[in-house]
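Novice: Listed here are the chains, written in short residue letters.
Protein chains: 2
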Amino acid sequence: MANHPVSPLAPAGLPALPAIAGLRFAAGCTGMRYKGRDDLMVAALDAGSTIAAVTTRNTMCSAPVEWCRAQARHGRARAIVVNAGNANVFTGRDGARAVERTARRTAALLGCAPGEVFVSSTGVIGMKLPVEKIEATLPALASALDAGGAERALRAIMTTDTFPKAAVRKARIGRTEVTIMGFCKGSGMIAPDMATMLGYVFTDARLPSSVLRALLRDGADASFNCMTVDGDTSTSDTVLLAATGKATHAAVRSAADPVLRDFRARLKDLLVELAQLVAKDGEGAQKFVTIRVSGGASDDSARKVALAIANSPLVKTAIAAGDANWGRVVMAIGKSGQPADRDRTSVRIGGVTIARRGDLVPGYDEAPVARHMAGRDILVEAEIGVGKGRATVWTCDLTHGYVDINGSYRS
Amino acid sequence: MANHPVSPLAPAGLPALPAIAGLRFAAGCTGMRYKGRDDLMVAALDAGSTIAAVTTRNTMCSAPVEWCRAQARHGRARAIVVNAGNANVFTGRDGARAVERTARRTAALLGCAPGEVFVSSTGVIGMKLPVEKIEATLPALASALDAGGAERALRAIMTTDTFPKAAVRKARIGRTEVTIMGFCKGSGMIAPDMATMLGYVFTDARLPSSVLRALLRDGADASFNCMTVDGDTSTSDTVLLAATGKATHAAVRSAADPVLRDFRARLKDLLVELAQLVAKDGEGAQKFVTIRVSGGASDDSARKVALAIANSPLVKTAIAAGDANWGRVVMAIGKSGQPADRDRTSVRIGGVTIARRGDLVPGYDEAPVARHMAGRDILVEAEIGVGKGRATVWTCDLTHGYVDINGSYRS
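Here the protein sequences come in this chain order: C and R.
Letter by letter, the first sequence follows residues 1 to 411 of the working numbering.
Letter by letter, the second sequence follows residues 412 to 822 of the working numbering.
Take these hints with a grain of salt, some might be off.
In silico SDA-like pairs for lysine to any residue, Cα to Cα no more than 25 Å straight-line [unchecked claim]: (1) C/K128 / R/G733; (2) R/K679 / R/D632; (3) C/K388 / R/R468.
No lab work stands behind these hints: they were computed from the structure.
Let's have the full structure, built from the sequences with the hints guiding it.
Specialist: Okay, here's the thing in structure tokens:
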């Protein structure tokens with residue numbers, strides 16, 4: 001992995017990561033690919049913890065993704081093990097065996113069932129995972145588990161990321177305050193669903209896995225599934241939401257229970273923050289771009305139009321150059337395949353209406369738009385004139401940095 | 412328009428462009444955008460000529476595209492007028508009026524009906540077309556029409572193209588030899604259907620417009636609709652096939668007439684050559700890439716998979732770097748949304764099988780693949796294991812040149 005400069009869109013720093021009752025972390029170095037840095041993390045959850053997963057829809061999905069999907073059905077978790085540098089994708093039966101061995105070794109060390117161990121891998125596709133290096137490293141991690149180890153753990157799973165990504169929220173369930181803490185990695189091969197995005201979110205709330213599942217699906221739809229770097233959906237994307245159940249609030253049986261209103265909102269907020277951090281670390285990103293589409297045939301249709309704009313190489317290169325080339329936005333709307341009425345379509349950049357109802361606004365002055373385009377935070381809005389569907393999508397620009405990073409990743 | 416070096420994938424030169432009975436060309440400079448070069452061409456067709464059109468499916472299509480679609484219904488043509496530098500897209504009623512004025516002025520000069528004049532525009536989107544400059548330039552072109560003027564005409568419609576693109580075929584209809592000559596422009600915003608691709612194909616064959624329409628639709632599906640540079644489908648794509656009817660073969664009433672077998676094959680061949688020339692001039696292209704997919708649920712499904720590979724920024728940047736990163740090919744297959752069976756999927760690069768049935772080939776040696784990747788002509792093949800669908804798609808790599816060109820186009 002080449003070293004790339006930290007994204008100019010990175011936040012000032014990591015938030016302080018609070019300890020969560022029933023949750024400990026450890027990280028270490030297997031040496032399988034990277035030298036002189038951690039590349040393996042374990043999150044250990046106390047007995048009684050519950051879990052939910054959302055995973056990639058890529059049909060070439062990795063062995064760990066298949067494993068997580070299968071284990072998520074029972075909804076119990078005691079550990080999450082993640083390695084960076086090798087994605088264990090397209091590795092045939094050996095790939096599945098490597099996951100099983102990782103889960104078995106971890107289970108033996110922690111005293112749980114292998115099916116309670118969730119496994120993720122990120123990195124190069126198509127290389128055999130040297131699972132023996134993971135097995136050899138796990139014992140040291142099992143004996144170093146620490147409630148304060150989150151930051152070291154989240155740094156261990158970075159690949160082309162230029163900064164670590166975490167977010168924290170407090171939420172109330174009834175009168176009880178609970179904590180939500182999440183981190184993720186990802187900067188390229190990022191698109192719904194989900195991105196080479198690995199995300200792990202933890203809470204001390206006491207929630208059955210069926211409730212976690214509903215909350216996570218809704219939250220992911222509003223966050224990771226509205227974010228794209230390059231339109232290339234990874235084979236490995238996984239987001240897990242785990243709850244240790246140490247909080248003392250009353251039992252919650254349904255995701256529809258109104259007692260979850262605050263928790264649901266804070267969780268969604270946290271997931272959106274994580275998704276935006278990924279877009280801000282998009283490979284080579286120099287600008288963070290928000291695309292808002294209204295007037296779609298449905299919310300889903302509006303989201304597809306917004307993604308067509310967000311994934312257009314011509315739009316992304318224009319933004320990289322600070323060029324208010326709104327004509328390319330029009331092109332991208334039109335190529336989306338979604339219903340849109342040219343003669344009722346309007347485009348705004350940086351809050352300035354440039355074109356309205358299929359035509360340039362009379363006396364349009366590019367100067368304020370050019371100033372907006374020179375900044376780091378770009379807002380593109382389009383009204384497409386067929387219905388009431390709305391969507392917001394986040395992405396970044398397409399720069400020389402992207403070409404550099406992805407032309408050298410394996411070297 | 413910045414000047415960019417000629418694509419290293421350009422052919423040695425233009426073929427000699429034969430005169431076609433009943434067809435004359437002229438080109439000139441309106442000065443609307445480019446200085447010191449032609450930017451307007453007229454092709455004049457003798458009375459009795461027939462025409463067919465295929466046009467973009469982009470819903471934000473240009474005023475000229477709407478005009479061509481409407482006029483193509485009657486299938487008679489006397490002139491084609493094309494300007495470069497301004498695409499006359501998203502220009503409201505003024506855009507439609509500019510097309511009408513261009514057609515009327517041309518019709519008055521050539522003595523035909525405005526509806527027999529086909530108009531195309533290529534260039535920047537969303538700027539009013541200064542049609543008065545076209546009107547002022549047309550008289551000189553009308554008096555300079557010349558059967559040998561094809562080369563100057565085709566050079567006049569180039570935008571970011573780094574080399575001119577033309578192809579010629581001879582074909583037999585019965586015992587009569589006819590000529591097919593075509594040229595096109597396009598190098599970015601290129602994807603089915605169709606690309607900022609303007610293409611004009613002429614023949615002296617005597618064919619009714621209904622026959623031309625069927626031949627052109629089939630030919631375009633096998634050529635321009637299998638070619639992509641950046642997945643960005645233009646608002647202006649138009650391919651016209653015009654026949655002067657000067658050849659002396661017997662009348663042909665149906666595209667299914669077996670007498671057209673040779674003509675159909677040569678036409679398709681010519682269209683494929685033109686499409687490949689566009690991919691070879693893809694903005695910033697350093698490598699020409701052929702993607703072949705087999706085992707798809709249908710030919711159409713296989714084509715969608717091939718396009719997902721061809722449009723993947725991660726695949727394209729890896730190819731730019733000469734990196735045999737076949738894992739990204741696997742990822743792109745999986746993200747296509749098309750049926751594919753991971754455990755029956757194989758990938759070949761440069762004729763070397765790298766992965767078979769969901770796993771790396773034992774003892775895979777990257778050396779010959781790396782040699783292939785270092786070349787100019789890259790072949791990627793995938794078998795996806797669900798059916799008998801097949802497709803071939805052409806594209807190019809994604810390089811720093813693409814980012815440069817598209818970050819500076821409007822300047």
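Novice: Against each hint, give a clear statement of whether it holds in the structure.
Specialist: Evaluated hints:
The suggested pairing of C/K128 with R/G733 holds, with an alpha-carbon distance near 22 Å, which does not exceed 25 Å. About 9 Å separates the Cα atoms of R/K679 and R/D632, which keeps this hinted pair within 25 Å; it holds. Taking the CA atoms of C/K388 and R/R468, the gap is near 23 Å; set against the 25 Å cutoff, the hint holds.
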